[in-house]
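S.K.: Using the sequences and the accompanying hints, generate a full structural model.
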Amino acid sequence: MLIVAIFGSLTHMSLDDLLPFLSSRDGALELFNLKRLPQVTLYFQKGKLNCVYLGSKPVDALQARSVIGELINTRKGSFEFIPGARAKGCPEMLGWPVDRLLISVTTTFDEFAQLSDRLPHPETVFKLTHIAVPDDTRLSDFWKRAHIYLQTGTSAKELASKLGMPLDHTRFYLLKLQQLGAVSAARAHTPKKKQRTSAAARLLGSLKKRFFGEGSAWSH
Amino acid sequence: MEPLKIVVAGPVGAGKSTFIRTLSETEVVDTDALASEEIGKQTTTVAMDYGTLHLGDQLLYLFGTPGQDRFDFMWDVLSEGALGLMMLVRGDKPEDFGAARRLLDYITSRHPVPYVLGVTRQDQPPVWGPEEVAPFFGVPQERVVGLNARDPRSAVGPLVRLLELMVDE
Chain A
1271 MLIVAIFGSL THMSLDDLLP FLSSRDGALE LFNLKRLPQV TLYFQKGKLN CVYLGSKPVD
1331 ALQARSVIGE LINTRKGSFE FIPGARAKGC PEMLGWPVDR LLISVTTTFD EFAQLSDRLP
1391 HPETVFKLTH IAVPDDTRLS DFWKRAHIYL QTGTSAKELA SKLGMPLDHT RFYLLKLQQL
1451 GAVSAARAHT PKKKQRTSAA ARLLGSLKKR FFGEGSAWSH
Chain B
278 MEPLKIVVAG PVGAGKSTFI RTLSETEVVD TDALASEEIG KQTTTVAMDY GTLHLGDQLL
338 YLFGTPGQDR FDFMWDVLSE GALGLMMLVR GDKPEDFGAA RRLLDYITSR HPVPYVLGVT
398 RQDQPPVWGP EEVAPFFGVP QERVVGLNAR DPRSAVGPLV RLLELMVDE
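As they're listed, the protein sequences go chains A and B.
Using this note's numbering, the first residue of the first sequence is number 1271, and each one after it goes up by one.
Using this note's numbering, the first residue of the second sequence is number 278, and each one after it goes up by one.
Everything labelled a hint here was simulated from the structure, so no lab data went into it.
Model, not experiment: these values are computed from the prediction.
Quick reminder that beta carbons are idealized off the backbone N, C-alpha and C, glycines included.
Incorrect hints may have been included.
To be verified - Pairs of lysine-lysine residues, derived as BS3-like cross-links and limited to a Cα-Cα distance of at most 27 Å, are as follows:
(1) A:Lys1462 - A:Lys1479
(2) A:Lys1463 - B:Lys282
(3) A:Lys1479 - A:Lys1464
(4) A:Lys1464 - A:Lys1478
(5) A:Lys1478 - B:Lys282
(6) A:Lys1446 - A:Lys1427
(7) B:Lys282 - A:Lys1479
(8) B:Lys370 - A:Lys1446
(9) A:Lys1446 - A:Lys1432
(10) A:Lys1464 - B:Lys282
(11) A:Lys1462 - B:Lys282
What the hints assert, rightly or not - From the derived model, a few chain B residues whose C-beta atoms are all more than 10 Å from chain A:
(12) Gly290
(13) Tyr327
(14) Met351
(15) Asp400
(16) Glu408
(17) Ala411
M.R.: As structure tokens, then:
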């Protein structure tokens, strides 16, 4: 029989308060009554976070990062620690050292908060500019899942839905990839139209005449 | 002959209203309202600015978009069917470049509209020049033009460049 050893409310004890404590214990931390997430279960062993379950399903590394980010910022919910509990059927062991996880995730989300007014519009379409996995592990997890869709062009809104990630996190990763030059906005194709070209030529002549006089040279 | 439309976009305070006032030959219709938040000036455009320019027998509409995000629905409304897009950004305010890039990326990824990027306040150094701004925005150098939005001969520069690029396409 499992014994509930540790429990409480995230209002009084946040996940970043709990993580240092969990780095020396093996077991599962269940988080429930969360505002924006179903029940989350985090499995720890030998100082590492090995698996994250969202509801009854394990999530991949990219989603796990988003879930941890959400949890660190949430102050509404309850938790219980189940000592000795082990993950069953986790497709990939994350193996994230708990002490570094806190720094990595909080750094990401501090940066995220600072960039919030510069995040791309959810419907801006981005495309790959070159295929190279970013060195930063925070970005490479996103890259691995997203690059297939980015090859043909996609928006943060579409990606968030396809990857099962929060929209704002997707926008953040796209901005970081844009800053690295790995993606750029996909300019909508402007089909060559004879009518438009001739209108532009006509307007150009009239404009130069109006502002620079007949026969005057235009210089940039 | 059908009137043609040029959309003038950019962050708050980029010089959109000034640009349109400088080039318009009719009184500019604006929808300025007192700013409800600290944006660095007392009034701001809340729906659009509207001016006109007759070039030969062609009427050109100049539509300025509001700069604040909460009016973003106007960006689509005004960009639909536009002949070209003029994105303005203040060269002496690099903190606005991120917002301007975001806006340029949004409009040009959704609407097949030729564009140029105008870097204003070139008459008020220290100021970023077009050569320095182009890489930040990830756009070709020839699509970035410096200007002083108050001077008609300077303000018309980006419009000339836009039309030249369209002719050369």
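S.K.: Work down the list of hints and note, for each, if the structure agrees.
M.R.: Right, here's what the structure says about each hint:
1. A:Lys1462 - A:Lys1479: It holds: about 26 Å lies between the C-alpha atoms, which stays within 27 Å.
2. A:Lys1463 - B:Lys282: Given pair A:Lys1463, B:Lys282 holds - Cα atoms ~16 Å apart, limit 27 Å.
3. A:Lys1479 - A:Lys1464: 23 Å, holds
4. A:Lys1464 - A:Lys1478: 21 Å, holds
5. A:Lys1478 - B:Lys282: 18 Å, holds
6. A:Lys1446 - A:Lys1427: Cα-Cα ~16 Å, so holds.
7. B:Lys282 - A:Lys1479: 20 Å, holds
8. B:Lys370 - A:Lys1446: It holds: about 22 Å lies between the C-alpha atoms, which stays within 27 Å.
9. A:Lys1446 - A:Lys1432: 19 Å, holds
10. A:Lys1464 - B:Lys282: 17 Å, holds
11. A:Lys1462 - B:Lys282: 18 Å, holds
12. Gly290: It holds; B:Gly290 is separated from chain A by about 15 Å at its closest Cβ, greater than 10 Å.
13. Tyr327: 18 Å, holds
14. Met351: 13 Å, holds
15. Asp400: 16 Å, holds
16. Glu408: It holds; B:Glu408 is separated from chain A by about 12 Å at its closest Cβ, greater than 10 Å.
17. Ala411: Nearest chain A Cβ is 13 Å from B:Ala411, so the label holds.
Going down the numbered hints, you'll see the structure goes against none, and every one checks out.
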